[in-house]
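Enquirer: Residues per chain, in single letters:
Number of protein chains: 2
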Amino acid sequence: MTELTKGERTKKKLVDATAVLLRRQGYHATGLSAIVDESGAPRGSLYFYFPGGKDELAVAALEQAGVEWRARIDAAVGDAKDLGGTIDAVITVLADDLAASNWENGCPVAAVALESTSPAVHEAVQRHYAKWQEDIAARIATFGLAKPAATQLATVALAAVEGALLLAKVQRSKQPLHAVGAALRAMVTR
Amino acid sequence: MTELTKGERTKKKLVDATAVLLRRQGYHATGLSAIVDESGAPRGSLYFYFPGGKDELAVAALEQAGVEWRARIDAAVGDAKDLGGTIDAVITVLADDLAASNWENGCPVAAVALESTSPAVHEAVQRHYAKWQEDIAARIATFGLAKPAATQLATVALAAVEGALLLAKVQRSKQPLHAVGAALRAMVTR
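Sequences listed follow chains D and U, in order.
As numbered in the working numbering, residues 1 to 190 make up the first sequence, in order.
As numbered in the working numbering, residues 1 to 190 make up the second sequence, in order.
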């Protein structure tokens, strides 16, 4: 881990605070004062580091969430020997994370995706899901599926997992994630 | 259609306005003044008809959305002869509705589900999805599947469709819904 400069630490504090607030209460309800308060950063630093204000911070928070989750998923599936094992590993890490947050932290992007009306944020959300879909398709293809089948399956897997995260959060239960995991497993092993 | 009394019309205006605002901007950003303004109802009527304020209105709006969509889905699948046809009919009505709203109106409950922190609203969201899951399982069972398989498949179908609505909205494309429809069709016809 390289040491961050003071400026980088301040930027990270602001982005982390934005991510927490977006996940907890969504885009519309998150104001700049709340971001500064949550971050503990000096008030003047926000427009110094993020001249684009709330939209620039929201885009940075979404991108950071994508990078962090990519690392977590990669670590979780690293040892999986086949597609079924990969699915199980992803479902387990998502279910454990949601349960550990007392069913509060779902997908860090979904809530913003559904209610933000900012074009810049919408584009960041689009890039986020497009990248995930590509990553999933590429991972599936390494297990021998042809590209069109892998792309189709990636869309279905991403949709099913996003929906299962929503239902799991609502029901405060891992069951929807496990049901979707079993169905995806059956799709790839038949 | 029975005629509504003046009081019923005012209540409906307030509930309709709440539904529009919740769908457009979520729970946190929706204030009582905005609801009154959007509804065109007299300011004093809100607490007269909804002494529980925003939470009571939000619960009524979610329940109304459930009733309306149940009627639309029932009408769409009425003629379907098998499970595959039923899936196609549901996917078509959801995809057409989302496209017709210029990709703005997704699931009327999902946005609120992901960002509301009100216990009363959370319970309404839980009831909403539990009812949908039961309805889907009952519909599947009419085509001859055993109860446990039907319940499991209902969870997967609901999750996949919710996730596909999210991705379709983000991508401004029916493709995720059609991909999920084809996958669900393959699951039930193999």
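By construction, these hints were calculated from the structure, which means they are not laboratory data.
Everything numeric in this text was worked out from a predicted model, so none of it was measured.
Warning: the hint list may mix true and false statements.
Identical chains blur together in the list; that is why a pair holds if it fits in one copy or across any two.
In silico BS3-like links for lysine-lysine, alpha-carbon gap of 27 Å or less [as the list claims (entries may be wrong)]:
no., residue 1, residue 2
1, Lys147, Lys13
2, Lys81, Lys6
3, Lys12, Lys174
4, Lys6, Lys147
5, Lys174, Lys147
6, Lys147, Lys12
7, Lys174, Lys131
8, Lys13, Lys174
9, Lys174, Lys6
10, Lys131, Lys12
11, Lys81, Lys12
Enquirer: Hint by hint, say whether it matches the structure.
Expert: These are the hints, each one checked on the structure:
1. When the C-alpha separation of Lys147 and Lys13 is checked against a cutoff of 27 Å, the pair qualifies neither within a copy, at 40 Å, nor between copies, at 50 Å.
2. Taking identical chains as interchangeable, the C-alpha atoms of Lys81 and Lys6 are never at most 27 Å apart, the minima being 43 Å within one chain and 66 Å between chains.
3. Proximity of Lys12 to Lys174 under the C-alpha cut-off of 27 Å is found in neither arrangement, the shortest distances being 31 Å within a copy and 37 Å between copies.
4. When the C-alpha separation of Lys6 and Lys147 is checked against a cutoff of 27 Å, the pair qualifies neither within a copy, at 45 Å, nor between copies, at 60 Å.
5. In the homo-oligomer, the alpha carbons of Lys174 and Lys147 lie at most 27 Å apart only across protomers (20 Å), although the nearest pairing inside one protomer, at 31 Å, exceeds that limit.
6. For the identical chains of this complex, Lys147 and Lys12 are neighbours neither inside a copy (38 Å) nor across copies (50 Å), given an alpha-carbon limit of 27 Å.
7. With identical chains, the CA atoms of Lys174 and Lys131 are at most 27 Å apart both within one copy (26 Å) and between copies (19 Å).
8. In this assembly of identical chains, the alpha carbons of Lys13 and Lys174 never lie at most 27 Å apart, being 31 Å within a copy and 38 Å across copies at closest.
9. Proximity of Lys174 and Lys6 under a CA criterion of 27 Å is satisfied in neither setting, with 40 Å inside one chain copy and 46 Å between copies.
10. Within a single copy, Lys131 and Lys12 get their C-alpha atoms as close as 23 Å, which meets the 27 Å cut-off; across copies the closest is 42 Å, which misses it.
11. In the homo-oligomer, the alpha carbons of Lys81 and Lys12 never lie at most 27 Å apart, since the shortest distance is 36 Å inside one protomer and 56 Å across protomers.
The structure fails hints 1, 2, 3, 4, 6, 8, 9 and 11 (numbered hints given earlier, in ascending order).
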